[in-house]
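Undergrad: Protein chains in written order, with this note's numbering: chain A, 1 to 345; chain B, 1 to 293.
FYI, nobody ran anything at the bench for these hints, they're computed from the structure.
Hints should not be assumed to be uniformly reliable.
[As the list claims (entries may be wrong)] Some chain A residues close to chain B (C-beta under 8 Å, calculated; not the full set):
(1) D101
(2) K102
(3) S103
(4) M170
(5) N221
(6) L331
[As the list claims (entries may be wrong)] Some residues of chain A that are not near chain B, with every Cβ distance over 10 Å (derived):
(7) D59
(8) K104
(9) S214
Here a beta-carbon is modelled for each residue, glycine too, at the ideal position from N, C-alpha and C.
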Amino acid sequence: MKRLVALSLFVALACTLGITGCAKKTGDSTLYVYNWTYYIPDDVVKQFEKESGIKVVYDVYASNEEMYAKIKAGGTGYDLVVPSGDYVSIMIAQGMLEKLDKSKIPNFANIDPTILPRINFDKGNEYSVPYFMAAAGVSVNKTLVKSYDKSWNIFSRTDLKNKMTMLDDMREVMGDALKTLGYSVNTHDQAQIDKAKDLVLKWKENIVKFDAESFAKGFANGEFSVVQGYAENVFLEYDPAKRGEVDFFIPKEGGPMYMDSMCILKGAKHQDAAYKFMNYIHRPDVYAKIADFLMLPSVNFKARDVEKVKPNYTIDDMKNCEFKEDLGTYLDMYNKAWQEIRVGK
Amino acid sequence: MKKHYGLVYTTPLTVWITLFFVAPILIIVLYSFLQKGLYGGVEWRFSLDAYRALINPVFGKVTLDTLAIALVSTVLTILIALPCGLYMARSRHKNLLLILIVIPFWTNFLIRVYSWIAILGNNGLINEFLRGLHLTESYVPFLYNQWAVTIVLVYTYLPYAILPLYSTIEKFDFSLLEAARDLGASHMESLVKILLPNIKAGIVTSILFSFIPIFGNYAVPLLVGGKDNVMLGQIIADQITKTRNWPLASSISMVITVVTTLGLAMLMLIQKRQADAQREEASRAAEFARNGA
């Protein structure tokens, strides 16, 4: 088995050398970007290629775990990755990221200064440049639910029994309960986790299922009146003409939020190109284009004046939210509570 | 000199099975005895933690729930597949019917599951119909419970059960049924006493083809199951992606493998016993005939 692992590592290494080998010939005229799916409009990348003369090789992933596993398995030649906060801290701890020279990113100054101090996963942004931040919220179908409070306690309403769903996502749902009780979404306190578990169990009586796959479809066809989830998932399914029927809000108690940040991988071959790309992304006109495409709140305050589309929610709506951080060994406490919620004792 | 073609014929199959069946299972066995890595993967240190974690009553409950759903779905699947296979084998339009069985495979499995959501949903086809007949004012909640999971599982694995049954029944000599009727058996009796024992191999294959994938199923309970319908397949996926405990995912898969293998062994044992009993009976009858003569 060990020999098999060694063999596959050797193959991976050979591939890496192959990629970087041919990249050397072209110098910094190429940039290897590894980003989330549907996270940047094509023309933004094309425009960068045109302006800088750097060819962008773009590859995508669907989860942090997928990205992390691929990089960890043997650096496949990427220069720039966009992990969420918890994975930024993991990758820093594992020595997988390059320390940034921020003088090469003058547009870093365009980033909302009120956001930076809230970042604990990379204090002082030594390794990461914020890309987008977002949070899951609650979508209400106003034709089916006339009056409601903008609070997580909507899931305690027995009159909406079996017409609501919550995400099948431990950190999100537990985080909402922790916030409702006034605790941190990253708590390490067993008593607080237990109380949050009891609250989620109360919510569970009223929801029809924990669902992260098809809740948006069910919400769009009127099957569910209230769903917890990401705005982009909901609006992707909902008839744009009837968009006014939907109220998406971040509950007043706040909840977990995430920040995806651009990072340069340790030993990346095209760091100059990566710096140019990061600086380009935070140019107000460029960033506004991406924000309009994603309809997410802008972390670039100068872009907010250029944006043409109103985002689904604003940074201010997230004022009580808290970034999800890596829990390390404390993850097990959450796992146990979540298992008891999903399966019962 | 006579050439030994045996090796030539068996090598591809052996390599194939080793690469894609034995090796993966060995890796799962190996991982289940290692320590979990903090960020996924494994640490190369021997540990029984993954099996100790299985003692957790949560897994016992999920295993029993999964077993119950798998058994009920398999029985229903076979009960529906039997008359279908029988009808197909006797029909004059065999080929047409065969094509009809295969056609659903042209559509992606997930899309077919989503269409069940459209059929069974609160605003779905059936509820529209019931409302039209004024049998209900709002809706009947068909979806998001264990029955929705069972219906969709039966639907999904029905073709896999029908095909082996059809091919066995097709080879059955139907004049035996006429003989049974001549000797005074009712129609039902002739089917149960003559047809069923003769197509046992097909029934066993159908049971295996439906039970094994149902027991490890992941997508169906995820999409049409409710908040209380968690199956082993989902727990395994969660351990890999969310809780980053690969050894535990491996030890749970070992549970699935062991349960399936035990079931398989039991079926084979029963078959062997019956075959032995039959052979004994036959030899006794032969002896009786000799002595009589």
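Undergrad: Hint by hint, note whether the structure agrees.
TA: Here is how each hint holds up against the structure:
1. D101: Cβ of D101(A) sits 27 Å from chain B, so the hint is violated.
2. K102: violated (27 Å)
3. S103: Violated: closest Cβ of chain B sits about 32 Å from S103(A), beyond 8 Å.
4. M170: With a minimum Cβ separation of about 6 Å from chain B (threshold 8 Å), the hint on M170(A) holds.
5. N221: Result: holds, 6 Å to nearest chain B Cβ.
6. L331: Holds - the Cβ of L331(A) comes within 8 Å of chain B, reaching about 7 Å at its closest.
7. D59: Given that every Cβ of chain B is farther than 10 Å from that of D59(A), nearest at about 20 Å, it holds.
8. K104: holds (30 Å)
9. S214: Given that some Cβ of chain B is not farther than 10 Å from that of S214(A), nearest at about 6 Å, it is violated.
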